[in-house]
Amino acid sequence: MQIKSLDELYELRQESTGKIALRLHMGTSGNAKTIMVCGGTGCLASDSDKVIKNLELIIKARKLEGTSIVRTGCFGFCEQGPIVKIEPDNVFYVRVGPKDAKDLVDEHLMKGNRVERLLYEDPQKNEKVHTQEEMSFYKKQSRVALRNCGLINPEDIYEYIALGGYEALGKALTQMSRDQVIDIVKKSGLRGRGGGGFPTGLKWEITKSQQSNVKFIICNADEGDPGAFMDRSILEGDPHSVIEAMAIGAYAIGANKGIVYIRAEYPLAIERLNTALRQARELGLLGKNIFGTDFSFDITLKYGAGAFVCGEETALINSCEGKRGEPNYKPPYPAEEGYWGHPTCVNNVETFANIPVIMTKGAEWFATMGTEKSKGTKVFALAGKINNVGLVEVPMGITLREIIFDIGGGIPNGKKFKAVQTGGPSGGVITEQGLDTPIDYDSLLERGSMMGSGGMIVMDEDDNMVNIAKFYLEFTMDEACGRCGPGRIGTKRLFEMLHNITAGKATMADLDALKQLAYMIKDSALCGLCQTAPNPVISTMKHFWHEYVAFVKDVDHPRGEGRYTPKNKIGMKS
Amino acid sequence: MQKVRIKFHIERKNYSWQIIYKYFEKLVNVMTKPQDIDVMKPTGQEFPKEKYDELEAFINNLETTKGALIEILHKAQEIFRYLPRDVQLFIARKLGIPGAEVFGVVSFYSYFTTKPGGKHTVSVCMGTACFVRGADKVIEKFKEVLGIESNETTEDGLFTIKDVRCIGACGLAPVVMVDGKVYGRVKVEDVDGIINTYRKQEEQNADKVLR
Ligand SMILES: Cc1cc2nc3c(=O)[nH]c(=O)nc-3n(C[C@H](O)[C@H](O)[C@H](O)COP(=O)(O)O)c2cc1C
Ligand code: FES
Chain U
75 MQIKSLDELY ELRQESTGKI ALRLHMGTSG NAKTIMVCGG TGCLASDSDK
125 VIKNLELIIK ARKLEGTSIV RTGCFGFCEQ GPIVKIEPDN VFYVRVGPKD
175 AKDLVDEHLM KGNRVERLLY EDPQKNEKVH TQEEMSFYKK QSRVALRNCG
225 LINPEDIYEY IALGGYEALG KALTQMSRDQ VIDIVKKSGL RGRGGGGFPT
275 GLKWEITKSQ QSNVKFIICN ADEGDPGAFM DRSILEGDPH SVIEAMAIGA
325 YAIGANKGIV YIRAEYPLAI ERLNTALRQA RELGLLGKNI FGTDFSFDIT
375 LKYGAGAFVC GEETALINSC EGKRGEPNYK PPYPAEEGYW GHPTCVNNVE
425 TFANIPVIMT KGAEWFATMG TEKSKGTKVF ALAGKINNVG LVEVPMGITL
475 REIIFDIGGG IPNGKKFKAV QTGGPSGGVI TEQGLDTPID YDSLLERGSM
525 MGSGGMIVMD EDDNMVNIAK FYLEFTMDEA CGRCGPGRIG TKRLFEMLHN
575 ITAGKATMAD LDALKQLAYM IKDSALCGLC QTAPNPVIST MKHFWHEYVA
625 FVKDVDHPRG EGRYTPKNKI GMKS
Chain S
37 MQKVRIKFHI ERKNYSWQII YKYFEKLVNV MTKPQDIDVM KPTGQEFPKE
87 KYDELEAFIN NLETTKGALI EILHKAQEIF RYLPRDVQLF IARKLGIPGA
137 EVFGVVSFYS YFTTKPGGKH TVSVCMGTAC FVRGADKVIE KFKEVLGIES
187 NETTEDGLFT IKDVRCIGAC GLAPVVMVDG KVYGRVKVED VDGIINTYRK
237 QEEQNADKVL R
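Taken in order, these protein sequences are the chains called U and S. Per the numbering used here, residue 75 is the first one in the first sequence, and the count goes up by one each step. Per the numbering used here, residue 37 is the first one in the second sequence, and the count goes up by one each step.
FYI, nobody ran anything at the bench for these hints, they're computed from the structure. Just so it is clear, the structure is predicted and the values come from calculations on it, not from any experiment. Virtual Cβ for every residue (Gly too), placed ideally from N, Cα, C. One or more of the hints may lead you astray.
[Claimed, not checked] Some, not all, of what chain U presents toward chain S, calculated at C-beta under 8 Å:
#1 P300
#2 K404
#3 P406
#4 G458
#5 E476
[To be verified] Restricting the straight-line Cα-Cα distance to at most 27 Å, the calculated cross-link-like pairs of lysine-lysine (DSSO-like) are:
#6 U:K173 to S:K236
#7 U:K489 to S:K173
#8 S:K111 to U:K397
#9 U:K127 to S:K217
#10 S:K173 to U:K579
#11 S:K173 to U:K490
#12 S:K223 to U:K489
#13 S:K177 to U:K489
#14 U:K176 to S:K179
#15 S:K217 to U:K173
#16 S:K102 to S:K155
#17 U:K566 to S:K244
#18 U:K397 to S:K87
#19 S:K173 to U:K566
#20 U:K566 to S:K85
#21 U:K397 to S:K130
#22 U:K579 to S:K151
#23 S:K151 to U:K397
#24 U:K199 to U:K579
#25 S:K244 to U:K282
#26 U:K447 to U:K261
#27 U:K579 to S:K85
#28 S:K85 to S:K151
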């Protein structure tokens, strides 16, 4: 079937609502139950697919009618995975192993008793909590980009449509001009979630204004920051929202071809994206004459091959062209001269995921969330020394303290909080004093860190900050593409200095040299990767100078353990 | 050097074409001097023709080869498991581009490997989340137990250690992945156990063959 008008889409939505009615608590039909099992990478790693298999077997054996099992995307609460939610009873089970399937069926489904042992226990109150809403992890979150993750089956386009999917695209194509679309995005105040924070509406406008018959729209899914998994979870849990948004963006800027540049290390996201693309094509939501208009659009996938720098947009475009992923000087910006020299708009996955809701709920609604200059919400991947590792989406302007202590549940084993690194290898640390700043793009920059793509690594009193800085430098040294001198040689020298410091072979003069070199690289490197590479050093030196000094002066100071084995090539990957 | 000199002569003294040709000959001789490596001879492992055919079919089926080099390399690595020189040269000839260009791309991306791996790949996550939860100690232990560095293969060809960046299971940090199986919350004490499960598997397989 091909959808040729908005009305046909509404009809299809009507037909599909039955699929998700139980989950939305829209009327119950007898004993029917939906069991939602998380099928994100994290939960799959702890055997959630075996949980599904066992549930299926037992349900079949017990001849339970009307029970359906749905494999959803990531719920976000990865620490407690695998997660199972039973609707319409609204019961949230955590750490469900394959062996627990029997109890879930026999106790919960057959007898209607909650399985107490699998409920989440609130660590503060020491009591069992059974609904998602009551959990402190979810209380302060507002899910916009993640609205469908952990709710729908990402491999079923009808569930997405039942929740209002593709309506935004239909409306944009049939009722709005290209300028009107751009206007809404501009008014919403949405800024790029890939790290730079460039206003998305403005980027679209610039790309639209370029005179060219051929334009491209690219989705940047090369999430390279280790320890961050926002984009992957969105693509795994709700691929259609990204596809829909890319089509809307393409219409606005005048492109007919889209590319998703995705890491080859994300096999599950690739698989689900491919499924979603196929389904969208089958319904005519991609392809020729979408919604009966003269707008045609399709998307192809390009795979990354393990290079962090390919997240940078000009490097990404080079890599799409099958070349080494080295960045170019800007300007010209990709919006002017991008993929094969044509105007190209590059946006991040999470940026795209916000677009469809903005179109349906309106710019004003979106702009009510967040701070004056940063609107909306941001997804963070909370990891490291924190109780509730997982994916959280919070309104901009919330404080770090709320994220780490209220949502994240604080530091495990009664240890003391020391610092949090935001912005991955390009960011810096924020200490106790900075915990109460409302976070948005600008306040984090002021604090010497940055928003980055949303990785947030929490460190406790046991972590030595010099070692952490060294860890990040080892990463950037490995990943520096080698195009510019400061990046190729500078990061290597910087790392060697840190290595000497942690090995106890440095003097105070070396610390000075370290500082100088850090600033020099910052000022002279070619692209964002190496310009920001010294940030972890600069910010740890600012806040934890005494730890650097301790390595130099204190003879008995424990030496850093590193896994560094000198390579003879300078800054080249072996 | 040679090139410059020829140009010089042409400009300065009007040498006849024969003489110019002689210079060219000289130049060509320099270039075809016997080299240490014979590029026509396969190095190391020889692959069956079917594998090359499969790759060739894939390339022929592409809509366009413009910009498709990375895609082709992904496919080649899937077929051959790694990208030895011969495979790289095969691709270069097929696409009509210099072998250096192919090697340039292969060496840039860490996903591509030019060495065959062991039977089991032990990928230790060295992402930030795993690092702060002690992945560095875990990888050291693996190196010690297996007696190799990362990106090396044990002598019996059973294990290769790789340090990878975030496999996306940060909630289970520190994470180790052996082939497709993920081990979460790995402690240094668990390392021997993990290795032994695979060693035992091998022994059982060997037993079966013997019986
Ligand atoms: C070293 C480096 C790595 C980057 N990595 C990513 C990334 O993994 N994902 C991403 O979306 N943007 C990344 N960016 C930002 C992109 O260059 C670009 O700004 C972004 O994709 C634009 O999309 P947005 O406007 O929606 O944020 C990176 C930038 C630099 C300098
Ligand atoms: S950092 Fe190890 S799985 Fe993410």
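Which hints from the list above does the structure break, by number from lowest to highest? 2, 3, 5, 14, 16, 17, 20, 22, 24, 25 and 27
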